[in-house]
Amino acid sequence: MYGNIWIGILILFPMAGAIISYLLGRKNKLLRDIFADMIVIAEMVLMVCLWVAFGSGSLKADWLTIPDICGMGLSFTLDGFRVIYGSVASLMWMMATLFSKEYFNHHHNRNRYYLFLLLTLGATMGVFLSADLFTTFIFFEMMSFTSYVWVAQEEKKDALRAAGTYLAIAVIGGLVMLMGLFLLYHELGTLQMSDLKSYGMAGNPHSLMEYIAGGCLLFGFAAKAGAFPLHIWLPKAHPVAPAPASALLSGILTKAGMFGILIVSCSFFYQDTNWGTLILLIGVATMVVGAVLALFSIDLKRTLACSSVSQIGFILIGVGMHGLLGADNTAAAHGAFLHMVNHSLFKLVLFMAAGVVFMNLHQLNLNEIRGFGRKKPMLNFIFLMGSLGIGCIPLWSGYVSKTLLHESIVEYTNLLGKQEIVPSLLSIFDMKIIERIFLLSGGMTVAYMLKLYVVLFVEKNRNAKVQEQFDAQKGHYMKPVSAVALLIPALLFPILGIGASSLMNRIADMANSFLCTSSPREAVAYYSIEDLKGSLISIGIGVILYFVVVRLCLMRKTQNGTEYVNCWPRFMDLEDYFYRPVLLVIFPAILGFCSRIFDAFIDTIVVCLRKTLYRDSKLPYELDEGNALTHTAGILANCLQHLLNIILHRSEKKNVDYEHLFALKYSKIRENSTLISRSMSFGLVLFCGGLILTLVYLILW
Amino acid sequence: MPEYMLFIVILLPMLTGVVFPILPIKKRSYRLLFLEILVVLNSVFVWMLLLNRPESGFTLAHFTGDLTITFKMDGMSMVFAGLVSALWPLATLYSFEYMTKEKRENMFFMFYTVSYGVTLGIALAGNLLTMYFFYELLTLVTVPLVMHTMTREAILASRKYLYYSIGGAAFGFIGMIFMIIYGTTLDFALGGVLDLVKIGDRTNILLLVYVMAFLGFGVKAAICPFSSWLPQAGVAPTPVTALLHAVAVVKAGAFAILRLTYYCYGTDFLRGSWAQYVTMAIAMFTIVYGCSRAVKETHLKRRLAYSTISNLSYIIFGATIMTPLGMVGALSHMVFHAVMKICSFFCAGAIMHQTEKHYVHELDGLGKQMPMIFGIFTVSSLALMGVPGLAGFISKWNLAYAAIESGNPLAFGGVGCLLISALLTAIYMLTIVVRGFFVKSKVTEANEKQDYHDPNWMMLLPLGIFAAAIVLFGLFSTPLVNFLTDVASGLY
Numbered sequence: 001m002y003g004n005i006w007i008g009i010l011i012l013f014p015m016a017g018a019i020i021s022y023l024l025g026r027k028n029k030l031l032r033d034i035f036a037d038m039i040v041i042a043e044m045v046l047m048v049c050l051w052v053a054f055g056s057g058s059l060k061a062d063w064l065t066i067p068d069i070c071g072m073g074l075s076f077t078l079d080g081f082r083v084i085y086g087s088v089a090s091l092m093w094m095m096a097t098l099f100s101k102e103y104f105n106h107h108h109n110r111n112r113y114y115l116f117l118l119l120t121l122g123a124t125m126g127v128f129l130s131a132d133l134f135t136t137f138i139f140f141e142m143m144s145f146t147s148y149v150w151v152a153q154e155e156k157k158d159a160l161r162a163a164g165t166y167l168a169i170a171v172i173g174g175l176v177m178l179m180g181l182f183l184l185y186h187e188l189g190t191l192q193m194s195d196l197k198s199y200g201m202a203g204n205p206h207s208l209m210e211y212i213a214g215g216c217l218l219f220g221f222a223a224k225a226g227a228f229p230l231h232i233w234l235p236k237a238h239p240v241a242p243a244p245a246s247a248l249l250s251g252i253l254t255k256a257g258m259f260g261i262l263i264v265s266c267s268f269f270y271q272d273t274n275w276g277t278l279i280l281l282i283g284v285a286t287m288v289v290g291a292v293l294a295l296f297s298i299d300l301k302r303t304l305a306c307s308s309v310s311q312i313g314f315i316l317i318g319v320g321m322h323g324l325l326g327a328d329n330t331a332a333a334h335g336a337f338l339h340m341v342n343h344s345l346f347k348l349v350l351f352m353a354a355g356v357v358f359m360n361l362h363q364l365n366l367n368e369i370r371g372f373g374r375k376k377p378m379l380n381f382i383f384l385m386g387s388l389g390i391g392c393i394p395l396w397s398g399y400v401s402k403t404l405l406h407e408s409i410v411e412y413t414n415l416l417g418k419q420e421i422v423p424s425l426l427s428i429f430d431m432k433i434i435e436r437i438f439l440l441s442g443g444m445t446v447a448y449m450l451k452l453y454v455v456l457f458v459e460k461n462r463n464a465k466v467q468e469q470f471d472a473q474k475g476h477y478m479k480p481v482s483a484v485a486l487l488i489p490a491l492l493f494p495i496l497g498i499g500a501s502s503l504m505n506r507i508a509d510m511a512n513s514f515l516c517t518s519s520p521r522e523a524v525a526y527y528s529i530e531d532l533k534g535s536l537i538s539i540g541i542g543v544i545l546y547f548v549v550v551r552l553c554l555m556r557k558t559q560n561g562t563e564y565v566n567c568w569p570r571f572m573d574l575e576d577y578f579y580r581p582v583l584l585v586i587f588p589a590i591l592g593f594c595s596r597i598f599d600a601f602i603d604t605i606v607v608c609l610r611k612t613l614y615r616d617s618k619l620p621y622e623l624d625e626g627n628a629l630t631h632t633a634g635i636l637a638n639c640l641q642h643l644l645n646i647i648l649h650r651s652e653k654k655n656v657d658y659e660h661l662f663a664l665k666y667s668k669i670r671e672n673s674t675l676i677s678r679s680m681s682f683g684l685v686l687f688c689g690g691l692i693l694t695l696v697y698l699i700l701w
Numbered sequence: 001m002p003e004y005m006l007f008i009v010i011l012l013p014m015l016t017g018v019v020f021p022i023l024p025i026k027k028r029s030y031r032l033l034f035l036e037i038l039v040v041l042n043s044v045f046v047w048m049l050l051l052n053r054p055e056s057g058f059t060l061a062h063f064t065g066d067l068t069i070t071f072k073m074d075g076m077s078m079v080f081a082g083l084v085s086a087l088w089p090l091a092t093l094y095s096f097e098y099m100t101k102e103k104r105e106n107m108f109f110m111f112y113t114v115s116y117g118v119t120l121g122i123a124l125a126g127n128l129l130t131m132y133f134f135y136e137l138l139t140l141v142t143v144p145l146v147m148h149t150m151t152r153e154a155i156l157a158s159r160k161y162l163y164y165s166i167g168g169a170a171f172g173f174i175g176m177i178f179m180i181i182y183g184t185t186l187d188f189a190l191g192g193v194l195d196l197v198k199i200g201d202r203t204n205i206l207l208l209v210y211v212m213a214f215l216g217f218g219v220k221a222a223i224c225p226f227s228s229w230l231p232q233a234g235v236a237p238t239p240v241t242a243l244l245h246a247v248a249v250v251k252a253g254a255f256a257i258l259r260l261t262y263y264c265y266g267t268d269f270l271r272g273s274w275a276q277y278v279t280m281a282i283a284m285f286t287i288v289y290g291c292s293r294a295v296k297e298t299h300l301k302r303r304l305a306y307s308t309i310s311n312l313s314y315i316i317f318g319a320t321i322m323t324p325l326g327m328v329g330a331l332s333h334m335v336f337h338a339v340m341k342i343c344s345f346f347c348a349g350a351i352m353h354q355t356e357k358h359y360v361h362e363l364d365g366l367g368k369q370m371p372m373i374f375g376i377f378t379v380s381s382l383a384l385m386g387v388p389g390l391a392g393f394i395s396k397w398n399l400a401y402a403a404i405e406s407g408n409p410l411a412f413g414g415v416g417c418l419l420i421s422a423l424l425t426a427i428y429m430l431t432i433v434v435r436g437f438f439v440k441s442k443v444t445e446a447n448e449k450q451d452y453h454d455p456n457w458m459m460l461l462p463l464g465i466f467a468a469a470i471v472l473f474g475l476f477s478t479p480l481v482n483f484l485t486d487v488a489s490g491l492y
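For the record, the sequence lines run as chains A and B.
Quick note on this note's numbering: the first sequence kicks off at 1 and runs consecutively.
Quick note on this note's numbering: the second sequence kicks off at 1 and runs consecutively.
Calculated from the structure, these hints are not laboratory results.
Fair warning: there could be bad hints in the mix.
[As the list claims (entries may be wrong)] For lysine-lysine, the following DSSO-like pairs were computed, each having C-alpha atoms within a straight-line distance of at most 27 Å: (1) A:27 to B:449; (2) B:296 to A:156; (3) B:160 to A:618; (4) B:368 to A:156; (5) A:27 to B:368; (6) A:157 to B:368; (7) B:449 to A:157; (8) B:440 to A:29; (9) A:375 to A:479; (10) A:611 to B:160.
[As the list claims (entries may be wrong)] Some residues of chain B that are not near chain A, with every Cβ distance over 12 Å (derived): (11) 4; (12) 56; (13) 67; (14) 103; (15) 107; (16) 132; (17) 173; (18) 193; (19) 352; (20) 358; (21) 454.
Predicted, not measured: the structure shown is a model, and the values here were computed from it.
The beta-carbon is built from N, C-alpha and C at its ideal position, and this holds for glycine as well.
Extracted from the complex, chain A is given alone in its bound form (with noise of 0.2 Å):
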């Protein structure tokens, strides 16, 4: 082990507090719950501590190699991207964790969450912090396995389908990112992310095989981030998990998936035009079905796991785009990290509001739970800063990001256009209809955030007397640690917008070297006319959107008002539909036809060859009287019986069974030539015959 232990000991401490409040939890519960508030709370000072020292640059060394273990030995590194990340994560476990406390206040297995609550920690960052690809594998092995315990822990029907899909995508993206390791390491030689910095930027054209390679980590990557066409996962586990699970599995680990393309296309596949359409074709995609999937749906939780594949969508645009733009791509990099990070802050808080819902509650669907959020300010305001940040409205900390990603489209567009830049796939006629898309997906961001909003503060439920119940839950709904842990990232969010120029400025700075990108030449005016229009349009669309299509289609009369129905077609579930039927049912039946061939076919040739080659022998018929001459004899004696009588139309028919006659007479013949032969008599006629044959042979001869 070389380097800075404190980089091993903050993957290691969790995992290890995991295991140990397992053990308490067997003894006393309350203890277990503190202990383990502590090991995340002891995580963030730990994350903090070391951020402070890597600002100042008294870090002791920002690296930490582990040589020999799990074969190819593990290394891990610390620089500006990892400190924030880690930061986020650990920022957001202690929140859940805090959250955890009241929401499963009665449920049982308990002790089974905690333990794979701080595993997964561990696992993440083991992920965040690697420095190659090999131990970000091992680390994102581990962090799929022990999240799935999250997806099942309800362990209802429901519960255990949706953790089984997520399970299947997670192994066969892990599968398919080994695949992509193994040409990468045969290619390259080396798997340390340095390494493959220094081959993508020192510019060289890019072969098949490093495309091929770069592609299966993509999936493996993109299957955990949710993009599509793997993103089936998120709207099904997302509303079975718990709520602070959800928060986790929506905002970081998505994020750890998004950790790995950013170090593919980045780093690697740095500035190739090529990678970098592919990526905008499906952050485009994602983006697009989240959104429409958010909008039809009727499930809180739904809703929020759909918006979370919509802005993977955004933050996948922006990594396009710093490929697409060459050396000027600032403004999509520090858009897209910083939408990273808010994302990953606002499904922290809206994800736990969900889960105050559902912890007075039980319920999740929008019609059972209208008119909840009257007259309870706190969790308005909470849900409220959440909504205007993922809405992107100005003087929020979306807008910030958003504003960049946008920025990031229309230069690309201008410098198409002025014939300043390597012309990719995509004419200015494409990017202009991308940006349109791009101002309509934020729209409907906004319209589905409002249509929760509504449903939960502003409409009353459509049963008076369940209006009542609500409204007499005022002050009761949350202890003060929840409302605590939900205030203090949602009060993040206004301040980050209000400091933009200054706060996330330094923040993006901070990752520059992760996402090979330099500091913009001249400053960003984040609220300047253009980057206020773009808001703005997206802002009407979206309240357009919400009054036409929400209050209009999705809605429909019933006799106490109006209830939200789910128009989603059945069959345009792509999971259902496509993915189980094709690898359920279809490839097993063709393997298993194949397969029962073969395990018949050397059966069929020894049943062959025993009926042939190696037949037995029969055994030597024994008749029971008589030999085989008087056997044939009398079988034909009988059939010419038989046909004379039928010829000759006999009278009475002669019936005579002349096989037993002549085996009777063969045997009286046998019998009398036995006596015979062994008489005495017999001997001496014999041998008087015998004298006179050799007297005439003497006499004539």
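Please build the complex by placing chain B on the supplied structure of chain A, with the hints as guidance.
Same frame as chain A, but now just chain B:
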């Protein structure tokens, strides 16, 4: 150490086995203690031999010409003998507890211990004739073990096993005859012993004979299409299936193929020829075939038997890559898979011993009542899948690395087969784990009414040791892989 020790370690278990039924000790626990002590003693001797390797071989008997029965310990012998002797005492300990519920255990232990000696004979064989002799002997000695329960299925299964094995050994015999004629010597030497001058331009015949010998020895190594004896042999008691059919017998088959390829024919002669493509294709097909059948199989032990078929072909695939790296991959998977599979089989056996349930769909919710067993089963499942951090990942990485480094286009397809097989392994192993821990169904309620618990220390101790070994190999595999690389480059 003196060379005759090579013969002693083979003879001692055989004598112990033969003497065991007529031993004058009455009390069962003392008899078993005697057996265990002798098995452990033999393993200690083998490891002492490993560490103080005798330089030359030990000739037991001379037949005509230069045909001899010789024992010698070279690199591959060290690996196989070390593996077998490390696992046998633990398996014997496990079977003590298991056989309390079966009859005629004297016969069982007799043949079980004699098989130990015979397997060591295969491992320590110094030339092809000796290996062939002990190979046939292994078939004969293990047939009574398969037939042990004397039910109709057991008799049919043992008959099939006998037919397949003897038939396969016959083809191996053809290979041996050609080696006598066209080889400079019958001894094993890394790089092959073929006399190329004598062969002249008859290479195609030699390659055909190689493929025939490969298929012949491959019957024991359960390659498709000769693998159907292995799932049917699952009717044998679990210690037999686990040790013999997951470790000793099938690994002897893979060992024989490795000897044939690297030490008799030599990879320089075989690499790039049509024989390599044919054998590699067979291995790749078997990998996917074994896993596919395992997914559809609902009987627990038969599912693990199909998994064995698939994993053995990993080893054979590594052998057919025909480079030193391929040999390293094959040997590392031989060692790691033996530990992982014996762990899985023993867990399955413990479940069947405690609950009398044989089918996967009857195991819902048992994880809560038997946490240790299911926990260890989870570890071995994750290892078989190739999850990093556990032993299976190391060997899979080595195999895939060797395949890609070789540059053979078919080998790239082989890497794809490895990954597909890992996915299918995940499906059929994790289903059992998830059902055990997470599923609540009618079966779970029925199970909860019964009083199932973890077995006693005699079964749990070997399982715990295996699980710890899997984790340790996963984390600290470098010394072992370095040793295997030395073996593959001919240092021993």
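Going through the hints against the structure:
About 25 Å separates the Cα atoms of residue 27 of chain A and residue 449 of chain B, which keeps this hinted pair within 27 Å; it holds. For the proposed pair residue 296 of chain B and residue 156 of chain A, the alpha carbon gap of about 25 Å is at most 27 Å, so the pair holds. This hinted pair checks out: residue 160 of chain B and residue 618 of chain A have alpha carbons roughly 24 Å apart, not beyond 27 Å. A C-alpha spacing of about 16 Å is found between residue 368 of chain B and residue 156 of chain A, which places the hinted pair at or below 27 Å, so the restraint holds.
Annotation: proposed proximity of residue 27 of chain A to residue 368 of chain B holds, straight-line Cα distance about 17 Å (limit 27 Å). Restraint check for residue 157 of chain A and residue 368 of chain B: satisfied, since their Cα atoms lie roughly 18 Å apart, inside the 27 Å limit. Simply put, residue 449 of chain B and residue 157 of chain A have alpha-carbon atoms about 22 Å apart, close enough for the 27 Å limit, and the pair holds. At most 27 Å may separate the alpha-carbon atoms for a hinted pair to count; residue 440 of chain B and residue 29 of chain A meet this at roughly 24 Å.
In summary, the hint linking residue 375 of chain A to residue 479 of chain A is supported, as the alpha carbons are separated by about 17 Å, within the 27 Å threshold. Taking the CA atoms of residue 611 of chain A and residue 160 of chain B, the gap is about 17 Å. The hint holds against a cut of 27 Å. Every C-beta of chain A lies more than 12 Å from that of residue 4 of chain B, the closest at about 39 Å, which supports listing it as non-interface. Look at residue 56 of chain B: its CB is around 35 Å from the nearest CB on chain A, clear of 12 Å, so calling it non-interface holds up.
Under the 12 Å C-beta cut-off, the non-interface status given to residue 67 of chain B relative to chain A holds; the minimum distance is some 31 Å. The claim that residue 103 of chain B is not at the interface with chain A holds, since no C-beta of that chain comes within 12 Å of its own (minimum 31 Å). Even its closest Cβ contact with chain A, about 29 Å, leaves residue 107 of chain B beyond 12 Å, as expected for a residue assigned away from the interface. For residue 132 of chain B, the condition that its CB be more than 12 Å from all CB atoms of chain A holds, with the nearest at approximately 22 Å.
Against the 12 Å criterion, residue 173 of chain B stays outside the reach of chain A, whose nearest CB is about 19 Å from its own CB. No Cβ of chain A comes within 12 Å of the Cβ of residue 193 of chain B; the nearest lies about 32 Å off, and the non-interface call holds. Chain A leaves residue 352 of chain B outside its interface by the beta-carbon criterion, the shortest separation being 25 Å against a cut-off of 12 Å. For residue 358 of chain B, the requirement that its beta carbon stay farther than 12 Å from each beta carbon of chain A is met, with the minimum near 21 Å.
With a least beta-carbon separation of about 16 Å from chain A, residue 454 of chain B lies farther than 12 Å from that chain, consistent with its non-interface assignment.
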